[in-house]
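Trainee: Residues per chain are reported as follows:
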Amino acid sequence: MKAEEFYRDVDLQWCQGDIIREIPHIHLKPPLTVIRKEHVKYGERLTPYAYSSSAPQTGMPGSNSPQDGYKFGQGEQVLAFCQAAFGMILTHGCEIDKDERHRTVALIRPLSGVPSEGQEIIKANQKLSYYYLPAYGEILGESYVDFRRITTLHPDFLKNTERIVSLTDDAVKVLQLQFFRYLTRREITPEVLDQLSIHP
Amino acid sequence: MIERTIAISNSSSPGGNTPWMDTTTSGEEHTLQENSLLLIEPSTSITRTYGTTANASVNPTIACRFMAIQRIDNYEKYLLGVEDTSGLSVSFASSFDLSFLEESTKAHIHTCYRLSGLFCGNLEYPEEQFRSGLIALLEHPRTSTQVIQEEEERETIYADTNQVLTFRDLANALDRISRPTEVEDIPLPFDPDDYPVV
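Residue numbers (my numbering), protein chains in the order written: chain A, 1 to 200; chain B, 1 to 198.
Rather than coming from a laboratory, the hints here were simulated on the basis of the structure.
One thing to keep in mind: the hints can contain errors.
As the list claims (entries may be wrong) - To give an idea of the interface, some chain B residues facing chain A are shown, with a C-beta separation under 8 Å as derived from the structure:
#, residue
1, T166
2, R168
3, L170
4, I177
5, S178
6, P180
7, D185
8, I186
9, L188
10, P189
11, F190
12, P192
13, Y195
14, V198
Ideal placement from N, C-alpha and C gives every residue a C-beta, glycine not left out.
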C-alpha cells in the first residue's frame with residue numbers, strides 16, 4: 001500500500017490511528033516492586049518493597065512488607081520498565097470524547113535493523129502480533145505496531161507531544177482487523193467489517 | 001457492442017414494423033427485444049435502469065410501471081418509453097435528439113406523457129415533474145434519481161447499540177462473522193524486544 005493511501009494529516013481532534021513521535025510505553029516485569037514514600041529523619045525517601053503473594057504478611061516473621069501492608073485495592077506505585085518511542089493511539093475517537101483519564105497506545109517499532117526474513121513476514125502482516133506501517137517520508141521509517149506492547153496513559157502524557165501523522169480510514173480498518181485477528185485468532189471478512197458502522 | 005433498444009413491442013408482432021423501431025446513422029436496424037428496458041453504455045458492461053420506481057426488474061409476474069431512457073451512444077439519439085410489465089406487453093417508444101431538448105422535445109415529451117397514460121393508465125406524477133426529471137436525466141446521463149443496481153447494491157448495516165444483546169447473541173454473532181484462522185501464526189526469527197525501539 002502506498003504511503004498516500006495509508007496516511008493522512010492529523011485532525012484537530014485526537015483519533016484512533018494517530019501516530020505520536022515520543023510517548024512512554026510500559027512493560028511490567030517481575031518482580032513486582034512497590035514504591036512507598038516514607039518520611040525519615042532527614043526528609044523523605046522512596047523505599048522499594050518486592051511484592052510476592054506467597055511472602056509472609058505484615059508483622060509476621062520474615063515479612064518485608066510496608067508497615068501498613070499493601071493496598072493494591074486502592075492502588076500502589078510500582079517500578080516498571082519503560083521505553084519512550086513512537087506510539088499509535090488505539091483508543092477510538094468516540095471513547096476519547098467521553099473518557100478524560102485513559103488513552104490506550106501501542107508501541108511502534110522500527111523495521112530497520114531486524115533480520116530481512118522477519119521483515120518480510122511483518123510486511124505481509126502474517127505475524128498477527130504486529131501491524132505493518134510503511135515509511136512516511138523521512139519522519140517515520142518502515143515500522144510496525146506491536147500489539148503486545150499496549151500501554152494505558154493519562155491524557156496529560158499526550159498534551160505536549162507531537163502528532164506526526166494519522167492513518168486513513170482504510171488503514172484504520174485494516175488495523176482493527178489485524179488487532180481482531182491478534183486477539184481472537186479468527187478471520188473476519190473485510191466485507192463484513194465494512195458493512196458494520198457503529199454510530200457514537 | 002450491439003446496442004439493445006428498449007424492449008417495447010406489441011407481443012403479437014415482435015419484429016414487425018413498429019413505429020418505435022429506430023435506425024442508427026449507419027442504417028443498421030436495432031432488433032427490439034421484449035422485456036429489456038435497459039440503458040446500455042458501450043463503454044461498460046454494466047446495465048442500469050433509469051426509472052421512477054424502485055423496482056425495474058422485468059419480471060412478468062410483477063406489475064410495475066417505469067419509464068426508461070435509452071441513450072444510443074455516439075448517435076446522440078434517445079429513446080423514451082414506458083413499460084408496464086403487468087403482462088400487457090404494450091407500450092411505446094419514441095426517439096428524440098438531445099440537441100432539440102428544449103423546444104421540440106417539450107412537445108415530444110408531452111406526446112409521450114399522454115401516450116404513456118393511454119397505454120398504462122394514469123401515471124402517478126404530473127407531466128411537469130415527468131418532464132423535469134427527464135430533462136435532468138438527459139442533461140446528466142450518468143446520474144438519475146434512482147439507479148437500480150440490484151446485484152451491486154449494498155446495504156449498510158448499522159448496529160443498534162440501544163438494543164440489549166444477550167450473552168448468547170454476542171457469542172453467536174462472533175461465530176457468524178468470523179471463523180478460526182486456518183493458517184498458523186508465523187513465528188519471527190527474532191525477538192523484537194532484543195532490538196531498540198528508536
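Trainee: Indicate, hint by hint, whether the structure satisfies it.
Mentor: For each hint, the structure was consulted:
1. T166: 19 Å, violated
2. R168: 18 Å, violated
3. L170: At about 13 Å, which exceeds the 8 Å cut-off, the nearest Cβ of chain A leaves the hint on L170(B) violated.
4. I177: 5 Å, holds
5. S178: 4 Å, holds
6. P180: Since chain A brings a Cβ to about 5 Å from P180(B), closer than 8 Å, the hint holds.
7. D185: 5 Å, holds
8. I186: 5 Å, holds
9. L188: 5 Å, holds
10. P189: 5 Å, holds
11. F190: 5 Å, holds
12. P192: Holds, about 6 Å.
13. Y195: 6 Å, holds
14. V198: 5 Å, holds
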